[in-house]
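**Q** Now for the letters of each chain:
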Amino acid sequence: MSDLSKVDLSLLESIADLHETPQGAYNIRRNGEGVERKSTENIQIVPKEDKPGIDIIIKPNTKNESVHIPVILTQTGLNDLVYNDFYIGENSDVVIVAGCGIHNSGDEKSEHDGIHSFHIGKGARVKYVEKHYGEGDGKGERVLNPTTVIEMDENSYCEMEMVQIKGVDSTVRETSASLKDGAKLMIIEKLMTHGEQLAKSNMVVNLDGVDSSAQIISRSVGKDKSSQIFYPRAVGNNKCRAHIQCDSIIMDNAHIRSIPEITANHADAQIIHEAAIGRINNDQLLKLQTFGMTQEEAEEIIIQGFLK
Amino acid sequence: MLELKNIAFEVDADKGQMEIIKDISLTLESGKFLVLTGPNGGGKSTLAKLIMGIEQPTSGQILFEGKDITNLSVTERAKLGIGYAFQQPPRFKGLTVRRLLSLAHGSELPFDECCAYLTNVGLCSKDYLNREVDSSLSGGELKRIEIASLMARDLKLAIYDEPEAGIDLWSFNMLVESFKTLSQKKNEGVILISHQERIMKLADEIIVIADGMVRNRGSRDDILKMITGEFDGKCEFRGGNN
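Chains as they are written, first to last, in the numbering used here: chain A, 1 to 308; chain B, 1001 to 1242.
Don't read these hints as lab results, they were simulated from the structure.
Treat the hints with care, as some may be off.
Incomplete in silico selection of chain B near chain A, CB under 10 Å [said to hold, decoys possible]:
#, residue
1, GLU1076
2, PHE1092
3, GLU1132
4, SER1149
5, ARG1153
By construction, the Cβ of each residue, glycine as well, lies at the ideal position given by its N, Cα and C atoms.
All chains, full assembly: derive it from the sequences and hints.
**A** Structure (structure tokens):
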């Protein structure tokens, strides 16, 4: 990764734990352009011709391989829109690490809108990890608006971990999924907002197939004057199971709305939701203080654990 | 090592101030094992919280190793080497048992040491180390992890508030053995609130607290004889305000 600056490397480490060139296939996008790319025998990364973005094509039966597709923005005033399509072959088993880091030291808005579509083949297993992070001392806003569309074929499995670490001024996340027979989806969303940040997450999971199942776990921490709105929906259109769990820690003068919605269009759909918002429990703080921590240190440990 | 001088503690109640602790003075020497017992609602847990700094006394003074700690915070007292195991420990989403024990210890605990602390409280370590200290644990499991977290600390004074509560008979034997080992350690003072005869038998001294006051104090043999043998008719600390 010789062309990358110190700032680039530090962003890559924050969003993708990358210290060096990743193993397997990868595509590194910086300031709206692909800077490094590598395909492997089983995983092809092909730039799109009609619009910005790439197609990631994973051959059937590809096992234990990974794809890294981090995006970094260090140029102020840039609005980077990208379309990434993932075609995951039947019976493959892969890990995909995405994520976006913005370093905005200017006064203009930097924005990245990633539109990701997943086509997960029969019996395939995917683990997808996406981290969003912002930094920089400029007045310019750091904006990330990801859209994720997931189509799951029969008996496929997908685990998505979507994390917004800190420093993102505004985010509107749109996630939708449709599941065929026996497909299983797990979404874990973790989010922390501070300052005057705003985060919205809209999610809809359509359980169309027999014995499809979904679990949505959302954990968030709202600090300072930040605002969060969660609107996850599970729609049972067949014999299926789904569970939505939203759990938030509220601090300072933050605002959090949590609106889990469940719909059953079939008598054998079993769907559950639960949601909770509350401040850090006083006994938790006291317990850690009896270990010799200050209240601030205790809060930090509790939040770290909660969002781990 | 620890000295309480005329400690009183009041809270606001419907009918004005209510005295929870009326006037308690006691001393604990280094390395001694003191059991506090007495009826529910008598003020034992409050006394423990006053020593840890979770509550502040309305009047009186607390000395630890000759230093006045009455106005010190929980954090400051913890740093001096005082530890407290909650009667009803809190749960932590996302925090594993191993992490909690390491936080208690003050640095990352090696695997073997973590296992030893859990074994001491009757938990099979390999099943628990990576479990989260959340609602998936039963009350008894949580309680034993709480005790292990105190044992993982390097303390001068350890306070246990009813460690046996909610613990099954099988694990209880293990726990008694662990407290026996603890009672033989000469560098750590222990204050343990308990109603269990087998734990009281480990004590160097037993203090009976009732109605916010010390009702009786003495050696293990004297007090146990009083509690177990001559309870009926003569007992003056059976609870309530009688």
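**Q** All hints are to be evaluated individually against the structure, with a verdict given for each.
**A** Hint by hint, here is what the structure shows:
Given the 10 Å rule on beta carbons, the hint for B/GLU1076 holds: about 9 Å separates it from the nearest Cβ of chain A. Taken as an interface hint, B/PHE1092 checks out: its beta carbon lies about 6 Å from the nearest beta carbon of chain A, inside 10 Å. Interface hint at B/GLU1132: satisfied, since its Cβ lies 8 Å from the closest Cβ of chain A, which is below the 10 Å cut-off. With 10 Å as the threshold, the beta carbon of B/SER1149 comes within range of chain A, its nearest partner Cβ sitting at about 8 Å, so the hint holds.
Because the beta carbon of B/ARG1153 sits about 7 Å from the nearest beta carbon in chain A, less than 10 Å, this interface hint is met.
Of the numbered hints stated above, none is contradicted by the structure.
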